[in-house]
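Novice: Here the protein sequences come in this chain order: R and P. Residues in the first sequence are numbered consecutively from 1, following this note's numbering. Residues in the second sequence are numbered consecutively from 152, following this note's numbering.
Keep in mind that the hints are not guaranteed to be accurate.
[As the list claims (entries may be wrong)] Computed Cβ-Cβ distance ranges for the label pairs, DEER-style: (1) R/59 x P/472: 32 to 38 Å; (2) R/105 x P/378: 54 to 60 Å; (3) R/45 x P/323: 55 to 61 Å; (4) P/348 x R/86: 52 to 58 Å; (5) P/564 x R/45: 55 to 61 Å; (6) R/105 x P/326: 44 to 50 Å; (7) R/86 x P/381: 56 to 62 Å; (8) P/482 x R/137: 42 to 48 Å; (9) P/563 x R/107: 42 to 48 Å.
[Said to hold, decoys possible] For the chain P half of the interface with chain R, some residues (derived, Cβ under 8 Å), not all of them: (10) 191; (11) 194; (12) 423; (13) 481.
Simulated from the structure, these hints should not be mistaken for lab results. Bear in mind that the values here come from a model prediction, so they are computed numbers and not experimental data. Backbone N, C-alpha and C fix where the C-beta goes; we use that ideal spot for every residue, glycine too.
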Amino acid sequence: MKSLPYYTAAGLAMLAISVAGCSHVAAMAFGTGATRPAAGEFGVGPRVSAERRYVATLQPQQALRPRQLQSMRVSIVDARGQAVDGANILVDGGMPQHGHGLPTKPRVTKNLGGGLYDIEGVRFNMGGWWEFKLAIRGVAGADTVTFNLDL
Amino acid sequence: MKIHWTQIAAAVSLYPLLTAVHADTLQRDLWTPAEIEQISSLSLRALDALPPDPSNRVADDPRAVALGQSLFFDTRLSSNGRVSCATCHLPEREFQDGAPLASGVGTTSRRTMTVAATAHSPFLFWDGRKDSQWSQALGPLESPVEHGGTRAQYAHVIAANYRTEYEAIFGAIPDLKRIPSIAGPVPEAAAARAWAGLSDAQRDAVTGIYVNIGKAIAAYERRIQYRASRFDRYVDGLRQATSTPQNALSPDEVAGLRLFIGKANCTQCHNGPLLTNNEFHNTGVPVRPRLPADAGRLAGADTVLRDEFNCRSRWSDANPAQCAELEYLVTGAHTLQRAFKVPSLRNVAQRAPYMHAGQLATLREVLDHYRRAPAAPAGHSELKPLRLAANELQQLEAFLHTLSGGTTAPPMPQSVTAPNQNR
Ligand SMILES: [Cu+2]
Numbered sequence: 001m002k003s004l005p006y007y008t009a010a011g012l013a014m015l016a017i018s019v020a021g022c023s024h025v026a027a028m029a030f031g032t033g034a035t036r037p038a039a040g041e042f043g044v045g046p047r048v049s050a051e052r053r054y055v056a057t058l059q060p061q062q063a064l065r066p067r068q069l070q071s072m073r074v075s076i077v078d079a080r081g082q083a084v085d086g087a088n089i090l091v092d093g094g095m096p097q098h099g100h101g102l103p104t105k106p107r108v109t110k111n112l113g114g115g116l117y118d119i120e121g122v123r124f125n126m127g128g129w130w131e132f133k134l135a136i137r138g139v140a141g142a143d144t145v146t147f148n149l150d151l
Numbered sequence: 152m153k154i155h156w157t158q159i160a161a162a163v164s165l166y167p168l169l170t171a172v173h174a175d176t177l178q179r180d181l182w183t184p185a186e187i188e189q190i191s192s193l194s195l196r197a198l199d200a201l202p203p204d205p206s207n208r209v210a211d212d213p214r215a216v217a218l219g220q221s222l223f224f225d226t227r228l229s230s231n232g233r234v235s236c237a238t239c240h241l242p243e244r245e246f247q248d249g250a251p252l253a254s255g256v257g258t259t260s261r262r263t264m265t266v267a268a269t270a271h272s273p274f275l276f277w278d279g280r281k282d283s284q285w286s287q288a289l290g291p292l293e294s295p296v297e298h299g300g301t302r303a304q305y306a307h308v309i310a311a312n313y314r315t316e317y318e319a320i321f322g323a324i325p326d327l328k329r330i331p332s333i334a335g336p337v338p339e340a341a342a343a344r345a346w347a348g349l350s351d352a353q354r355d356a357v358t359g360i361y362v363n364i365g366k367a368i369a370a371y372e373r374r375i376q377y378r379a380s381r382f383d384r385y386v387d388g389l390r391q392a393t394s395t396p397q398n399a400l401s402p403d404e405v406a407g408l409r410l411f412i413g414k415a416n417c418t419q420c421h422n423g424p425l426l427t428n429n430e431f432h433n434t435g436v437p438v439r440p441r442l443p444a445d446a447g448r449l450a451g452a453d454t455v456l457r458d459e460f461n462c463r464s465r466w467s468d469a470n471p472a473q474c475a476e477l478e479y480l481v482t483g484a485h486t487l488q489r490a491f492k493v494p495s496l497r498n499v500a501q502r503a504p505y506m507h508a509g510q511l512a513t514l515r516e517v518l519d520h521y522r523r524a525p526a527a528p529a530g531h532s533e534l535k536p537l538r539l540a541a542n543e544l545q546q547l548e549a550f551l552h553t554l555s556g557g558t559t560a561p562p563m564p565q566s567v568t569a570p571n572q573n574r
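Could you put the whole structure together from the sequences, leaning on the hints where they help?
Specialist: What follows is the structure in structure tokens.
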């Protein structure tokens, strides 16, 4: 069923993994005991970033559903309400109670202007409380905004 | 006070009815609206319409379904004339074989998976090394331990036996006169040498037919789906405001369902109407002795990106923008080490043994595995030990039995059963 090179590659990959080690595994295995935020903390925003530099609002392109590969649009303004274009945005997330991240590597694919960005490749692989995080690096500096979503 | 015998008789005859209604109300009241919503999300009724497959332009062509069905059962598509897809994916056994490892021309190093509802799954195989049903089908055909043949052989089989059906769907079959009867990019040296001796145009002609074999088989497989189970009927009862009795499940089975969505945390991975999130997780399943090391998804994620027949390949009918699953794929993460595809739990009680190499013989052993949550042989198990009593494990097992409803597939035409006499 599988060729010798297949197993050699798999073996090398395994070796690479054991050499690299993995430190956040304990969190993975036992969860984090994180407590679910209050109902008011959930939703697509507007949501103020940790250091109040930006305000972000998610505009899902379809209703958020578990297991589907989805696109989202996000609108970003600065503290004065001015649209922020040309920002570098990294997407991250996971389930704090389960200690796992996103099952895919979503990313910003377009800056549409007017502070709007398209994010593609988002998947939530189970129901429950998810964190969806945007690390924004723009004119007003670097900051992170975290959405709590209920799938 | 005098009680007339008819009153007693009436009370006695009503008694079963009254208690039934009473038990029914009790059972219904035990679920919160949130739980009812969660339970309903597991019902087959919540299943999405068949997702389109833009990489296969004949996916919904009835002529391709018919051709694919014939090919699925045709043992001429093998090196020894004795193996078809149905050798391991038996329609009467939920499209699997009930063996720990599969036997074709040789023995595989993983267990046969069911074919049912795989059209809903973005990645195929225990390690997800294929990203469509048609490209999946091309794996076993050239695997030395499954069908054991080569694509040149299969192209000749099509030209000799399915010319009319094939050409009606895919157009004229190119001239194969100068193509050797055995040739393909396989480990076997003579076949590989013959393949290397062909011109690019000849190789493309053969591979084109090979790909279309896969696309026709996929069109057939798309129609293989699960049938509703007792659990689904129970959910129907739950959701109806009328007094439909919910006796579809026994109290033990209902208790098992409660554990499944609650304390036992099974829906963390076995969620949605197919009871799988279609993802890959390391659950610490032990290795099967004497098999080569298996890195699961860690290797599969890399393989699918390099696959000759993936969504972005020139054999795919999709444009690359439609290959989002590959675009946003996670590779190389240590969480992928020994992560395997979460199997659907539909019909699970009908198809022991369990896990990717049939490591666990019974559902009892599976549940004991989840209770103990042993350390993984490589990588890290995502499971936590469960604090469940013996009777709770039995209730979970009872619940798993309610998920059986069989499969539906296109009916078998008379002509299809004839070539497959090997079983
Ligand atoms: Cu989770």
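Novice: Against each hint, give a clear statement of whether it holds in the structure.
Specialist: Comparing the hints with the structure gives:
1. A hinted range of 32 to 38 Å is violated for the C-beta pair residue 59 of chain R and residue 472 of chain P, which are about 21 Å apart.
2. The supplied range of 54 to 60 Å is broken by residue 105 of chain R and residue 378 of chain P, whose beta-carbon atoms lie about 36 Å from each other.
3. A C-beta distance of roughly 57 Å is found between residue 45 of chain R and residue 323 of chain P, which places it inside the suggested range of 55 to 61 Å.
4. Distance hint check: the CB atoms of residue 348 of chain P and residue 86 of chain R are about 55 Å apart, consistent with the given range 52 to 58 Å.
5. Checked against the given bound of 55 to 61 Å, the beta carbons of residue 564 of chain P and residue 45 of chain R, roughly 56 Å apart, stay inside it.
6. For residue 105 of chain R and residue 326 of chain P, the Cβ-Cβ distance of about 46 Å falls inside the hinted range of 44 to 50 Å, so the restraint holds.
7. At roughly 57 Å, the beta-carbon separation of residue 86 of chain R and residue 381 of chain P lies within the given 56 to 62 Å, and the hint holds.
8. A beta carbon spacing of about 25 Å between residue 482 of chain P and residue 137 of chain R contradicts the range 42 to 48 Å that was offered as a hint.
9. Between residue 563 of chain P and residue 107 of chain R, the C-beta spacing of about 47 Å keeps the proposed range 42 to 48 Å intact.
10. Annotation: interface hint on residue 191 of chain P violated; nearest CB of chain R at approximately 12 Å, more than 8 Å.
11. Given hint, residue 194 of chain P at the interface with chain R, is violated; its Cβ is 14 Å from that chain's nearest Cβ, farther than 8 Å.
12. Nearest Cβ of chain R to the Cβ of residue 423 of chain P: about 5 Å, under the 8 Å cut. The hint holds.
13. The restraint placing residue 481 of chain P at the interface with chain R holds, with a minimum CB-CB distance near 5 Å, inside the 8 Å limit.
In terms of the numbered hints stated before, the structure departs from hints 1, 2, 8, 10 and 11, listed from lowest to highest.
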